[in-house]
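From just these sequences and the hints, can you work out the full model?
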Amino acid sequence: MRKQVALVETKKFAIVVNAFHYDLVGMDAEVKQDIQVAMRQVEPNDPERKDELKAGNMYEIMVPFNVVPENTGFQISGQISRVVQILDFFGEPKDIAQEDLAKLSRPLVETIETLTYQVTAVALDQGISLNFKAAD
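Heads up: the sequence shown begins at 1 in full-length UniProt numbering, then just goes up one per residue.
Read the hints as simulated data drawn from the structure, not as lab findings.
Positions of the beta carbon are idealized from the N, C-alpha and C atoms, including for glycine.
Don't take each hint at face value.
Have a look at the derived ranges for each label pair, beta carbon to beta carbon [what the hints assert, rightly or not]:
1. ASP46 with ASP88: 44 to 50 Å
2. ARG49 with SER129: 35 to 41 Å
3. ASN66 with GLN98: 21 to 27 Å
4. GLU92 with ASN66: 23 to 29 Å
5. PHE20 with VAL83: 17 to 23 Å
6. VAL122 with GLU9: 36 to 42 Å
7. GLN126 with ASP46: 40 to 46 Å
8. VAL31 with GLU52: 39 to 45 Å
Structure below.
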């Protein structure tokens, strides 16, 4: 078993909404809360920016989701992502503690919650608040 390390400092880039879909479904649609968190190591495409990797590895955090809240009549799905640089860390994603991965991915999950509220406020004339919690 590999030892997981705690992260000290990160450089965060913009959150990107790769896809966000809102669909009406029947009120009796099967409830679903499928939110995944994946992380992969990335490198800048621009050769001028390769030197930035001397400060620490860069990773893309991806959060694909497919959610049907109970008794709401809608479904949301899509993917949100963000690149982060973990300063003074040169390991692999699997070396990052789950607690730190949860902290890094939380702003992406909050973006899903915010988008859902804003879209339902317009589409249903009533904003629906979702409050996702990490599974134990």
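Results for each hint:
1. Distance hint for ASP46 and ASP88: a CB-CB separation of about 22 Å, inconsistent with the stated range 44 to 50 Å.
2. The given range of 35 to 41 Å is respected by ARG49 and SER129, whose C-beta atoms sit roughly 39 Å from each other.
3. For the hinted restraint 21 to 27 Å between ASN66 and GLN98, the CB-CB distance of approximately 22 Å keeps it satisfied.
4. The hint said 23 to 29 Å for the Cβ distance between GLU92 and ASN66, and at roughly 27 Å that hint holds.
5. For PHE20 paired with VAL83, a C-beta distance near 19 Å keeps the hint of 17 to 23 Å intact.
6. Taking the beta carbon of each, VAL122 and GLU9 are about 38 Å apart, inside 36 to 42 Å as hinted.
7. Distance hint check for GLN126 and ASP46: the Cβ-Cβ separation is about 45 Å, which falls inside the suggested range of 40 to 46 Å.
8. For VAL31 paired with GLU52, a C-beta distance near 43 Å keeps the hint of 39 to 45 Å intact.
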